[in-house]
Amino acid sequence: MLTGKQKRYLRSLAMTTKPLINVGKNGLGDTFVAGVKDALEARELVKISLLPAADDTPQEVADTLQAAIQGVEIAQIIGHTVVVYKQAEKKDHRKISLEVNAR
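For what it's worth, the working numbering labels the leading residue of the sequence shown as 606, then goes sequentially.
These are calculated hints, taken from the structure and not from any lab test. In this text the structure is predicted, and so the values were computed from the model without any measurement. Any given hint could turn out to be false.
[Stated by the list, open to error] Simulated restraints on C-beta separations:
no.	residue 1	residue 2	range
1	G632	G609	29 to 37 Å
2	K700	K623	13 to 21 Å
3	A707	T636	32 to 40 Å
[To be verified] Straight-line C-alpha distance at most 16 Å; calculated EDC-like pairs for lysine to aspartate or glutamate:
no.	residue 1	residue 2
4	K695	E646
5	K642	E694
6	K652	E678
7	K630	E665
8	K696	E665
9	K696	D660
10	K630	D660
11	K642	D668
12	K610	E704
13	K700	E646
14	K612	E704
15	K610	E678
16	K695	D643
17	K630	D661
18	K612	E665
Backbone N, C-alpha and C fix where the C-beta goes; we use that ideal spot for every residue, glycine too.
Input sequences plus hints: build the corresponding full structure.
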């Protein structure tokens, strides 16, 4: 569970990044979850954007990811954008989590 200070730090990092994954009319299938899982392992912080054609709400995307991926944290839901965080399993990929845990 992230503290408010940690979430604020993650939101500040996400503010300057572009959405890495777009959700469209194909929805939240297994390939979407697998793609998010791979992106989280590589980057730890992923920004997901919902396109106008998407049938799902940002809250549904967040709930789906929390149910499918163990240890994922929702840093922010704002508008049609969801920011998710998960500490990388490989120590080589842990860059953001070192800063988050220090806060």
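Here is how each hint holds up against the structure:
About 32 Å separates the C-beta atoms of G632 and G609, a value consistent with the hinted range of 29 to 37 Å. For K700 paired with K623, a C-beta distance near 18 Å keeps the hint of 13 to 21 Å intact. Separated by about 35 Å at the C-beta atoms, A707 and T636 satisfy the suggested range of 32 to 40 Å. Distance check on the hinted pair: K695 and E646 sit about 8 Å apart at the alpha-carbon level, within 16 Å; holds.
Proposed proximity of K642 and E694 is supported: the alpha carbons are some 11 Å apart, at most 16 Å. Straight-line distance between C-alpha atoms of K652 and E678 comes to about 12 Å, which keeps the hinted pair within the 16 Å bound. Distance check on the hinted pair: K630 and E665 sit about 14 Å apart at the alpha-carbon level, within 16 Å; holds. Between the alpha carbons of K696 and E665 the distance comes to roughly 31 Å, so the proposed pair goes past 16 Å and is violated.
Taking the CA atoms of K696 and D660, the gap is near 37 Å; set against the 16 Å cutoff, the hint is violated. For the given pair, K630 sits about 6 Å from D660 by alpha-carbon distance, which is consistent with the 16 Å threshold. For a cut-off of 16 Å, the pair hint linking K642 to D668 stands: about 14 Å separates their Cα positions. For the proposed pair K610 and E704, the alpha carbon gap of about 11 Å is at most 16 Å, so the pair holds.
At most 16 Å may separate the alpha-carbon atoms for a hinted pair to count; K700 and E646 meet this at roughly 11 Å. For the hint linking K612 to E704, the alpha-carbon distance of about 12 Å falls within 16 Å, and the restraint holds. Distance hint between K610 and E678 is fulfilled; the C-alpha atoms sit about 14 Å from each other, no more than 16 Å. For a cut-off of 16 Å, the pair hint linking K695 to D643 stands: about 12 Å separates their Cα positions.
For a cut-off of 16 Å, the pair hint linking K630 to D661 stands: about 9 Å separates their Cα positions. Using a Cα cut-off of 16 Å, the hinted pair K612 and E665 is violated, with the two alpha carbons roughly 20 Å apart.
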